[in-house]
Amino acid sequence: MADVHIVDERTIKITADIQDALHMIQEAKSNVPKYAQDIVTIFEKMPEFDYTYFCFYAYNSAMLFENMLGIDPKNYTSFSMNAPDAFFHTLYGGMAALYEEASHFVVPLSE
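Our numbering numbers the first residue of the sequence shown as 48 and each following residue consecutively.
Think of the hints as simulated: they come from the structure by calculation, not from any bench. Mixed in with the good hints, there may be bad ones.
[What the hints assert, rightly or not] Computed beta-carbon distance windows for the label pairs:
no., residue 1, residue 2, range
1, His151, Arg57, 16 to 22 Å
2, Asn78, His52, 26 to 32 Å
3, Ala105, Gly140, 19 to 25 Å
4, Arg57, Glu91, 19 to 25 Å
Glycine included, each C-beta is placed from N, C-alpha and C at the ideal position.
Put together the whole structure using the sequences plus the hints.
In structure tokens:
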């Protein structure tokens, strides 16, 4: 599980690694219908952020992220995340593998 350091009542610092990305992938794989929106969003939008600058909250795709943390970062007014590029690349690869299956559970916004 990612390391979550509570700085004060408003601030947390998160440190994640490849194992955390693998945890997120396994969680997504265990319940694709539940996490379909996150899977599809992460896969489609991560390239726009050059992968390593992806923000899970930019497109309301943080359910997997919050599951990995075990806390809700929205309860804090400030948080930062430190993760190696490999975390993001691993996560993207996992979402790519689940994308086709997940896309069957997501209703396109245009419909």
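Each hint tested on the structure:
| no. | hint | verdict |
| --- | --- | --- |
| 1 | His151 <-> Arg57: 16 to 22 Å | violated, 40 Å |
| 2 | Asn78 <-> His52: 26 to 32 Å | holds, 29 Å |
| 3 | Ala105 <-> Gly140: 19 to 25 Å | holds, 20 Å |
| 4 | Arg57 <-> Glu91: 19 to 25 Å | violated, 32 Å |
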